[in-house]
Every structure is written in structure tokens, then in C-alpha cells.
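Novice: Throw the hints in and build the complete structure from the sequences for me.
For reference, the chains in residue letters:
Number of protein chains: 2
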Amino acid sequence: MNSRRFLLTLCVIAASIAAARAQPPPASADAIVRSPGFVAASDFLARDYDQFVRELISLTEIPAPPFKEQARAASFLQSLRASGLTDVEMDAEGNVMGVRRGMSAVASAGGASANGPILAVLAHLDTVFPEGTDVHVKRDGTKLRAPGVGDDTRALALMLMIIRAMNAAHLQTVNDILFVGNVGEEGEGDLRGAKFLLLKGKYKDRIKSFISIDGGDQGNITNGALGSKRYRVTFKGPGGHSYGAFGLVNPAFAMGSAIAKFSSLKVPANPKTTFNVGVVRGGTSVNAIPTEVSMDVDMRSESPDALNKLVAEFQAIVREAVKEENAARSTKEGKIEADVKLIGDRPSGETPVNAPLVQSATAVVKTFALTPQYSISSTDSNVPISLGIPAITIGRGASERSHALDEWTDVEKASAVKAAQVALAIVLAAAQ
Amino acid sequence: MNSRRFLLTLCVIAASIAAARAQPPPASADAIVRSPGFVAASDFLARDYDQFVRELISLTEIPAPPFKEQARAASFLQSLRASGLTDVEMDAEGNVMGVRRGMSAVASAGGASANGPILAVLAHLDTVFPEGTDVHVKRDGTKLRAPGVGDDTRALALMLMIIRAMNAAHLQTVNDILFVGNVGEEGEGDLRGAKFLLLKGKYKDRIKSFISIDGGDQGNITNGALGSKRYRVTFKGPGGHSYGAFGLVNPAFAMGSAIAKFSSLKVPANPKTTFNVGVVRGGTSVNAIPTEVSMDVDMRSESPDALNKLVAEFQAIVREAVKEENAARSTKEGKIEADVKLIGDRPSGETPVNAPLVQSATAVVKTFALTPQYSISSTDSNVPISLGIPAITIGRGASERSHALDEWTDVEKASAVKAAQVALAIVLAAAQ
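Chains as they are written, first to last, in our numbering: chain A, 5 to 436; chain B, 5 to 436.
Hints in this document: simulated from the structure, not taken from any laboratory.
One should not assume that every hint holds.
Unchecked claim - Only pairs whose alpha carbons sit at most 30 Å apart, straight line, appear in this in silico DSS-like list of lysine-lysine:
hint : chain 1 : residue 1 : chain 2 : residue 2
1    : B       : Lys270    : B       : Lys233
2    : A       : Lys370    : A       : Lys233
3    : A       : Lys265    : A       : Lys199
4    : A       : Lys265    : B       : Lys313
5    : A       : Lys313    : A       : Lys339
6    : B       : Lys206    : B       : Lys72
7    : A       : Lys265    : B       : Lys345
8    : A       : Lys240    : B       : Lys422
9    : B       : Lys72     : A       : Lys72
10   : A       : Lys339    : B       : Lys276
11   : B       : Lys313    : B       : Lys270
12   : A       : Lys265    : B       : Lys233
13   : B       : Lys336    : A       : Lys265
14   : B       : Lys240    : A       : Lys142
15   : A       : Lys313    : A       : Lys240
16   : A       : Lys370    : A       : Lys417
17   : B       : Lys265    : A       : Lys265
18   : B       : Lys336    : B       : Lys240
19   : B       : Lys276    : B       : Lys233
20   : A       : Lys276    : B       : Lys327
21   : A       : Lys339    : B       : Lys233
22   : A       : Lys422    : A       : Lys142
Said to hold, decoys possible - One-sided excerpt, in silico: chain B residues whose CB lies under 10 Å from chain A:
hint : residue
23   : Arg236
24   : Val284
25   : Glu337
Glycine included, every Cβ here is placed at the ideal spot set by N, Cα and C.
Specialist: Following this line, the structure appears as C-alpha cells:
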């Protein structure tokens, strides 16, 4: 069976699904993985492994702090172009993307399938690490160590590898696939890249399914959108000389007290509920009582109710800490006040397990003898899920210590190639 | 009595003091203030008032953050030159200065009194305010409002005004006077300007008395050096993803707990003992557990024993907060550790009340019908006092809210001129 026949096989399956409005039968995953086209693509992935590692290192070493993804985006745009995609471009938000034409485009003379449904496949360009972070990759056996090397740079390199494999094996899908290196997944980016893509971008009305490559374990299918609320709390006061004005209220004391109380909160392990103080800043001099200090706080929960409860407790703690500081010291020059500003609000929700996108990914995972697991997380998929567009987040391969300076990813060849095979098969199954 | 006779009067008094090794009699202050030369200088001060206000505004509006005093120093150097001083220069630390020759220099043909004792008179160039602070001066009746307008910019303008008055009235002193706009008085500057001047500068062996213009009230004579200890405490931990790694130790929680405990410490009102958290910083992203946060802490006391006790309590609190955080959460990826670094250490000590410098200033203050008050503070005078050089810090005129963004100084004409008269008389009495 050549790749043309493989395409026809996919078409037959797709047509039968469309006719019956049924979930894709598990057989389709088997058919994909056992097809000569997929076998050829797998062979290519093994041959392309060294290139994958080189690109992973190269991309990791281009810093991409939040809101400063431009240099990495420019490099990734060149790689998308070199991979043979069409319509390669950067959008107004800074996302870079290109299209791999599906069958309908190939079948038409003009080569354009301007109105057909698109599968969007994303990996995010940004890391959590600020400017000046040492992003040099250190090799340690099969492990690569560097901030951001796993989350989500490995997914960017994986994306390039699977596009090349699809081309080398002449694999064809029914629908167009939009491959995107997107901005703003992390922190204060607040999913701005995915939001632009789905709410304002030129493909916004055509994206009918969505896969984010932004997890670790290949058996894991993230179909739940983890809700989160993020706040910047700014404590303001009159300030003054550390000695001459000693006894006046101090916003750093109010913030310290709020952090201490916050750190003592009890949250449920199930539904998993978490909180973090991620950034603190403020004050001008060691010998001046600050006029302003602030902290950035992240709260998440698998349960909207548990999240709302945590947020309410947090807000009460801030009020209490302010009140206590105003009672503990003099307010003759002014009181401490806290400004609680929402800086991130990620909706929760889920793509049901019985949705075709989740079912086809499940079938692929089983075909590779992995145990499917469904999870809830906060990724770019939160945006399509909140809009009713089926979306999942899948793995990029083994990595650990995301968001820490000692982050690493393991690129042992057999498992790296298998991770790419699984991702490729999930994309193929979703683009039928 | 013309100014020449005034000079002779001063010389006679000086000679008699030197002969008797006695404290200067109160009469010398009366003689200075009642002399026609001083009356002429006072008249000049009243006429020069508008120029003083213009220069105060102009200097205030040149930002001078710690370690970034260059622009203001360059401007002040030009003003020192225009005022008619000799040997106007910037030293290697960034202090700008010029000499006003005393009698011995004038008497000698060459005009140089290279080995005679010098009175150093300082006002500091630096403010506590960082780059980007709005230093535009707002007028509000006789009040000028701007960060740094009082501390210590008013003293810089005052210094220029009294140099001009001395020249206009042809006042002459026995000893050379070194007028200095110095760097590094505030915060982390840690008195670097005064230290350079007295330990390394070209006049280091000639400075035998020292006046810093860096206080408010004209009756106040600061003869005590307030000891202080300043620390930067850095809390370090393994970091991680705010959700994925939730449950790991968080250095922001340890710091918050330390601040909360620190803010609850009881310190004596007498001897006055104070503490401050002036700056907090750290963390990279709202959704990452920080790997590092830090705080800058200032502790002061009139009593070395009380200061040592406070420092010991503070260090115990840091250890306790670290221990509690390591017990409260998982240390499987690493523990919280605190690095406690001394960033400022100002020696305490005093110029005795019966020292000639303090006695002559006391006599001047009484001549102006003010009540002398002796105080302890942390100023550039800490450096000479620690070296056994007599030093006092005197007032520059009414100002409030030092180190706060709403700092102001009142330049009501009569009181501003009186403040300049008192400062001029103290300098003249000290340079006999």
C-alpha cells in the first residue's frame, strides 16, 4: 500500500464517520499505525533523530521570556518554511504558523481549501524564564538540561520533526492542519497567543479541533481545562525614613503577614487545588519604608468550587493582613491599602472523554501499548475548550522540573522516536 | 569694624584658644554674629534668596539615585566653580569639592596652605529614590514638594548660598574649608563618599574637623553616630511549576514568614531602636515557585547593645522561618536555605558634647535664641567619628517626609535666611 492508498483508506474511514456521525472506531488507529505510509514516516523519524536534537538545543538556546518571544519566533518561522508548509507567517500577536494542505486542497486545482475545517496543532514558544537566564544546554548522557528545554521547546522541535516525516512519507490527511508556534502560554501571557488565534486570527472560524503538544507522558491525554485565577496584590502606604519615621505602617510587613497566612492554608489534594506566590517586588532603598510592594499569586483547582473557595480565603487574608498592620503601627501619615488586581483568569471545562478527538487519541495510545490516562491541566487548550471547540493536550516526551532552573528532558533515542510516533499518529487520526 | 578687623578678631580668638587649649568661649559666637562682616553676609543671604530657591529646584530635578549621582555631581561641580572656590574637582569616588582658602593661605604669597588643617563641610548628592522617580518640584505656597528636595538637596543649595555670602562679605577664616557635595550617603552607598574622602582622598590627612549639613531643625546638633546594620537575606529553594510541583518548599513563603515574625518584634523606645524591610525582590513568573527571593533589612539603635540584641533576634527569626518552611512542605527536590549578607555596617560613637566643635556650634545656636539639642543619627559624620575626628551634623532648614515620595521642604523666606545664617555662623566658628 503506497501513500496514495493510505490516503484513500483514511478517506473511506472519514467518510463513514461523517455519514454515521459516530465516534471513530478503534480500528482507525490501528489502520494508521500499521499502514506502510506510517511505517515509512516512522523510519524517517529514526533517521531524523539527530536533526531533532540539534533543533531542540538550538531553539532552547534562543531566550523566549514572556512577551519577548520574537527572536525564537523568527527562528521557528524559518524552520516552518523550510519544512515545506504553505502560508507561513507571523500573526499580529506574534504567533508563527503554516498550513499543511489536506486532501480537499490537493484535490482542487487551485490548491486552496479556503473554507474547510482545520486542525490546529500548537507548541508554545514562550518559557517562564526572564531575560538574562542562562539557557545554555548541558548534556548529561541522554538528558539535556536547560531552563525551558522541556516546557515547551521539545514540542517545537517535535512539531518540526513530524512535519518533515509526513512529507518524507507523503502522508496525506483529509483536513488542512495549521501548525503553530504560539506566544503567551506561560504566566502573565495568559494564553494570549491561543486567544488571538481563536478569537481574532484569520483561521478563527475554520479551526474545528485543537491539539496542544505541551505535556510529558505519552499515555496522558489532557482533556480537562484546569481553571486558574491569578492576582497581583499591591500593598501601598505612606513610606518614610526607616529611622526617622519608624513606627509608621510598612506595606512590606503587611505583605509578609499575608504571605505567612496564605502559606498556612489547607487545600484539598482531591480535587487537586494549589496556590503559589511566584513573584515579589517593591521598595526603593534599605533605609526607606516602602511606599509600595507587590506579589503575584497563582491559584488553581480541578474544581471550580474549590477554586472559588480558595480565592475567597485569599482575599480575606489580604484584608486581614492590611487591617492588622494598620492596627499595629501608626497611620498618622496614611494607611496601608491593598489593590487586588486580576491578572489571569483561565476558564475551566472539558472535552468529554467520548468526544471523537479524545476517542481517536485514546485509540492511538492503546495501539502503542500505553495506558490512556485523562487529566486536567492549564494549557492553551483551555481557550478552545471554553469556546466549545474539541481540544486536547498531548505529550512531547519525558521531561521534568518544568519552570525550575534545573529543568531537563531525556532524549534517549528509542523513547524520543516513539514519542514522535505517538504524536504523529494522534495528529493524523484527528485530521481525518 | 570692617571684614579685615573681623578676621583679626577671629585670629585673636583662635590664637587664644590654641594657647590655652581651652574650649572656645561663648563670646566667640556672639562676636561672629554681631560683626559687621556677618551682618553684611546676612544681608547678602536675604538678597540671594531667590537664587537659592532656583538652585534648590534645579538640583532637585536632576535625579541622583544611589550610585548614579553623576549628572547632579557634574552640575554641582559647575556651581562650586562659579561660587569662586579653588581646586574644584571630582575625586575618584565621585565626590565633587572645592577649597575656600583660610588666612594662612591668604597670608602666604603662593596662596597655598598645603599642610594646614581643613574643616570639611559636606552635603550629600544622592537621594534614596531610584531611576524613573518623578522628581519634578511642585510649589505649594512656600513649600516645595519633590522626592529628595529636603534630604539632602536643600543642603547643597544652602552650601552654595553661604559660600557666595562669605565671598560677598569678604569673610575670612583661619583654616581652609573644603566644601564637598558627596556621593553614597544613602542606603547601600554605605557612606562610600565620606569614607573615600577620609580614608583615601587627597585631603585625608588634613581634615581635622567635619560638618555634615544633613538635618532639619536648626537647634539640633547631631554629635552621636547612630550605629546600624544592614542585611540582604536571600532565600533559595529548588523552584518548580506552581501546579505540577505544588507541595515543594517555597522561598517566598519562608521570607513572608520571616517578615511577619520580624514585624512583631518589640524594640525599646529608649534607647531608640528601629528596624525596616526596605526592599523585596525575587521570582520569575506567577506560575513558577521561585528559586530565589530576597529582602533588604535595616536595623539601628542608639545603643550598640540594643542593636546587637536586635540583630541576634533577627538572625534567629530567619533561621526559624527557614526551618518551619522545610518542615511544612516537601524538600525532595531541595531545601530552603537563607544567605544572610551584611550590606551595611555603620559604626556608632560620638563627638563629646564638651568638644570644641560641639561647644562652638552650641554657642552659635544659643546666639540665635534657639535651644540646642544633641542627637544621635546615621549620617556621613559616622565616618569621622569612628576615626576620632570631631564631627557634627547640622540642620538645613525645615523639611519633612524624607525618603517618602511626598517629601517637602518649606522655603518661607525669613526662616530660610535664618537657617542659612545659623549654618554659616557654625561653619565660621568651626573654621577659626
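Novice: Using 10 Å as the Cβ threshold, decide whether Val284(B) counts as touching chain A.
Specialist: With a minimum Cβ separation of about 5 Å from chain A (threshold 10 Å), the hint on Val284(B) holds.
Novice: Are the Cα positions of Lys265(A) and Lys199(A) separated by 30 Å at most?
Specialist: 35 Å, violated
Novice: Does Lys417(A) lie within 30 Å of Lys370(A) when you go C-alpha to C-alpha?
Specialist: 21 Å, holds
Novice: Straight-line Cα separation of Lys240(A) and Lys422(B) no greater than 30 Å?
Specialist: 37 Å, violated
Novice: Holds or violated: are the alpha carbons of Lys313(A) and Lys339(A) at most 30 Å from each other?
Specialist: 28 Å, holds
Novice: Verify the proposed pairing of Lys265(B) with Lys265(A), using a straight-line Cα cut of 30 Å.
Specialist: 12 Å, holds
Novice: For the pair supplied as a hint, Lys265(A) and Lys233(B), is the alpha-carbon distance within the 30 Å limit?
Specialist: It holds: about 28 Å lies between the C-alpha atoms, which stays within 30 Å.
Novice: Starting from Lys313(B), check that the Cα of Lys270(B) is at most 30 Å away, please.
Specialist: 11 Å, holds
Novice: Quick one, are Lys336(B) and Lys265(A) close enough, alpha carbons at most 30 Å?
Specialist: Distance of about 24 Å is within 30 Å: holds.
Novice: Within a Cα-Cα threshold of 30 Å, do Lys422(A) and Lys142(A) meet the stated pairing?
Specialist: 23 Å, holds
Novice: Mind checking the alpha carbons of Lys336(B) and Lys240(B) for me, to see if they're no more than 30 Å apart?
Specialist: Holds, at roughly 14 Å.
Novice: Below or equal to 30 Å on CA atoms is what counts here, so check Lys276(B) against Lys233(B).
Specialist: 15 Å, holds
Figure legend: structure checked against the earlier numbered hints; hints not met, in rising order: 2, 3 and 8.
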